[in-house]
Amino acid sequence: MKPVFMTFTRGDIINFIVLMVLGFLIIPMTITNGYWYSSILIPWLCLALAAVGQQIVMGYAGQLSLGAAGFMAAGAFACFNLILRIPDLPFVGALIISGLIAAAFGILFGLPSLRVRGIYLMVATLASQFFIVWMIDKFGWFKNYDTSGIITAQNIEIFGKSFTSPIDMYYVVIVVVVILTLIAMNMVRGSAGRNWMAVRDMDIAAESMGVSLLKTKLEAFAISAFYCGVAGALFAFTYLKSLEPVAFDIKLSFKIMFMVILGGLGTINGAFIGAAFILLFPVVLNFIGNTVFHGSIDATIISSIEQVVFGALMIIFMIYEPLGMAKLWESIKSKIGFNKKK
Amino acid sequence: MIKSCMRKILSTVSVVGLLCSTMVLPQNSFGAETQYFPVASSRVGPYSAMGTGYYGAQIDYMNYVNMTGGVNGVMLTWQECETEYNAVKTVECYQRLLQKDGQKIVVFDTLGTPGAYAVINRMATDNVVLAQYGYGRTDAADGRVWPWVFNAASHYWSQIGVKLRWMAEIEGGVAKMKGKKIVHLHIDSAYGREPLPAMRKIAADWGITLIEIAIAPPGLEQQSQWLQIRKEKPDWVTFWGAGSGMNSTAMTNAARINFPRTKMMYVTFGGAEEDMVPAGDSAKGTYVVANALPGTDFPLVKNIKDKVYGSGKGNLSDTSRVGTVYWNRGLGAAVMWVEAMRNAQKIHNKVGKAVTGAEFRDGYEALNMTDERLAAIGVKGMVAPFAISCANHEGAGKFALMQWDGKKFNKVKDWTAPNDPKFIRQLVEDSAAKFAKENNITPKKCS
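Chains A and B are the protein sequences, given in the same order. According to my numbering, the first sequence is numbered sequentially starting from 259. According to my numbering, the second sequence is numbered sequentially starting from 52.
Mixed in with the good hints, there may be bad ones.
[Claimed, not checked] Once the Cα atoms are required to be at most 30 Å apart in a straight line, the calculated BS3-like pairs of lysine-lysine come out as:
#	chain 1	residue 1	chain 2	residue 2
1	B	K155	B	K335
2	B	K155	A	K499
3	B	K140	A	K499
4	A	K499	B	K488
5	A	K396	B	K231
6	B	K488	B	K335
7	A	K499	B	K364
8	A	K396	B	K140
9	A	K401	B	K140
[To be verified] Derived contacts from chain B toward chain A, CB cut-off under 8 Å, selection only:
#	residue
10	R94
11	C132
12	A138
13	V139
14	Y168
15	A255
16	N490
These are calculated hints, taken from the structure and not from any lab test. Quick reminder that beta carbons are idealized off the backbone N, C-alpha and C, glycines included.
Please take these sequences and the hints and turn them into a complete structure.
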């Protein structure tokens, strides 16, 4: 048995401890406003987890996949149905099983990756996006025959305690995200990750060296879908508090893909940074637009300008930092560290 | 070694701190007594015509109220947040708008059924009224199960009931409807599916063949759906769309297969000038249901045009949109907010003071918009008179029918209720009771 932190440097461990102290102590102690938890931190962590899943299949295994939101929908609705239909199932159990159900879909829709590559694979994986959402829409059973098609998510209960306040749910989300992120970091540094990267960099060479393409690719798809499924369940249960197939549409899949590309392909922290950028930037722009320019510019124009600015920033980032924001983050950190030395 | 560790910690902390410090929300302060309202608008995207008109009118009316002395001296403040008619963004906007300068919102208006569903369960805990002005969750009309939610401008089940009644009237009676075929052509969202439970039951009762055809949002692609309609040859099409693009596309497609526009009945949120004009001549003859009639002759509309737009404070850059369907509907919604606030001040002895969510709720429930009251406000005839009670949170339950003549809407039928309002009400109560049972809610007693 390898110790958990064996392949990590001292700096990594310190970073980890700092982030944990920040996440579990400083943030809960300093932020009391529910808005920050329920509208910023919780969706950010949920989508970052989905982006980690996307990162595994796209950034590490090099398989262009565009079905993350579909897997999220599978996880969310699986979780709803598990809690609804199996009375004594604890929330954590439901979360894990819904991740596994999403993983099963991941394997199914990962099969085309054995035959097609690149942009063609992306088109093939679109099927998962449309099929899963269509299936949930088509069969009333998944929605417990609700007439409107939007169902209320149950309250989260763990060991008899119900987690309903924003900060409680934040704790649930952060614990799950930390555990799964740690596992992901270990996986990508272990043999699984090395196989993925070998397949990504040159699959023929990898195969000739004895890496099974079938196993590696499907493994990546399954694990990716597991992460997306858990993220989808958390997203629905802690953020939306309702389940609706439309919430998991193709736009969300694109968003998650952009998070990974902007954050930096092949880095786990890139998933978190990318998620923060894609999720928070429109909020910040909207906020600035409404407080600074309130009244002076037509509100319709402000709303449109937000989108223009967001699009322009994405292009600028792609041109000047093609390696993603994770790289930018590293260079900022090294610059500050360098200045200290002087 | 320790030094390098320290540096590492310092650098991480400083970068994180830098990021956090840029995101701290600034605070504003006001002197006079104010009441804060949220404007969760949808000005961009496919549904912008609806959002700009509706929320533009709300802001115009709040400006007008402030220019005429406020609500018994209380000035109205508001903050806007863009939802793009997206349920996920609506949740974020709701959280963001919830509080400002220590004052909580008392009412929320999503102008969208998907958005309303996304926030509806937060209302009771947050003490916020969800004012679904002619949209949203229908069974919320049962105030015993949903004390915090209102359908002030009538809900979709009443609307479909009224539509079917008019069809029967045009066809020559309910008996004549037997064997008729109706296509319910709808956007594939909570909003498009909302009327179905009532529609299916009435169709079964009357012996109508109901065919449901869904269009994926944003609904600009309707070729295959209209091909199916051509094959089915229905007697009527009830169209339940959203967004000018989708709404006008349906009419041009109908023209292409020669389906008579006088056999199409549009939903309240599909039928406005902005939806008809793009379709050009194809739109002529289309029937549209209204819960707030368009027109610039209502005294309040005139006053807002003079005072607010006259002083350059109008929210819409295109003044000709004042008095259109969506603008007047938004005006209706805002009139009810202010009226509810006035009621709340009176009930709770807080005239001249800001009210809380719970007080506002009581005020909204006490809405009694008689013709006299509507005339005093200056919107008599624009909306149907109604009163809300503890158990019944639906407004009038009545709609008017208009027909597009190529340039403007003409009213063809005045405020009409469904053939059997009691039946619709029973459906509402059954559905609410089912919801209450599933979610362990004890219905409130209304004596």
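- Query: Given the hinted pair K140 (chain B) and K499 (chain A), is their alpha-carbon gap at most 30 Å?
  - Reply: holds, 13 Å
- Message: So if I understand the rule, the pair passes when the alpha-carbon distance is 30 Å or less; does K396 (chain A) with K231 (chain B) pass?
- Response: Roughly 26 Å separates the two Cα atoms, so the pair holds.
- Query: Hey, K155 (chain B) versus K499 (chain A), does the alpha-carbon distance stay inside 30 Å?
  - Reply: holds, 21 Å
- Item | A138 (chain B) as chain A interface residue, shortest Cβ-Cβ below 8 Å | Since the shortest Cβ distance to chain A is 6 Å, the answer is holds.
- Message: For K155 (chain B) and K335 (chain B), compute the direct alpha-carbon distance and say whether it is at most 30 Å.
- Response: violated, 46 Å
- Sort out whether K488 (chain B) lies within 30 Å of K499 (chain A), counting only the CA atoms. holds, 19 Å
- Message: Checking one constraint from the list: CA of K488 (chain B) to CA of K335 (chain B), max 30 Å. Satisfied?
- Response: violated, 47 Å
- Hint check: is the beta carbon of V139 (chain B) less than 8 Å from a beta carbon of chain A? For V139 (chain B), the interface hint holds, since the closest Cβ of chain A sits about 6 Å away, which is under 8 Å.
- Item | Hint validity - A255 (chain B) Cβ closer than 8 Å to any chain A Cβ | violated, 15 Å
- Item | Hint consistency between K401 (chain A) and K140 (chain B) [alpha-carbon to alpha-carbon, up to 30 Å] | Since the Cα atoms of K401 (chain A) and K140 (chain B) sit roughly 22 Å apart, the hinted pair holds (cutoff 30 Å).
- Message: A closest beta-carbon separation below 8 Å is what the hint needs, so does N490 (chain B) meet it against chain A?
- Response: holds, 7 Å
- Does the interface hint hold: is R94 (chain B) within less than 8 Å of chain A, judged Cβ to Cβ? holds, 4 Å
Hint compliance for this structure: hints 1, 6, 7 and 15 are broken, all remaining hints hold.
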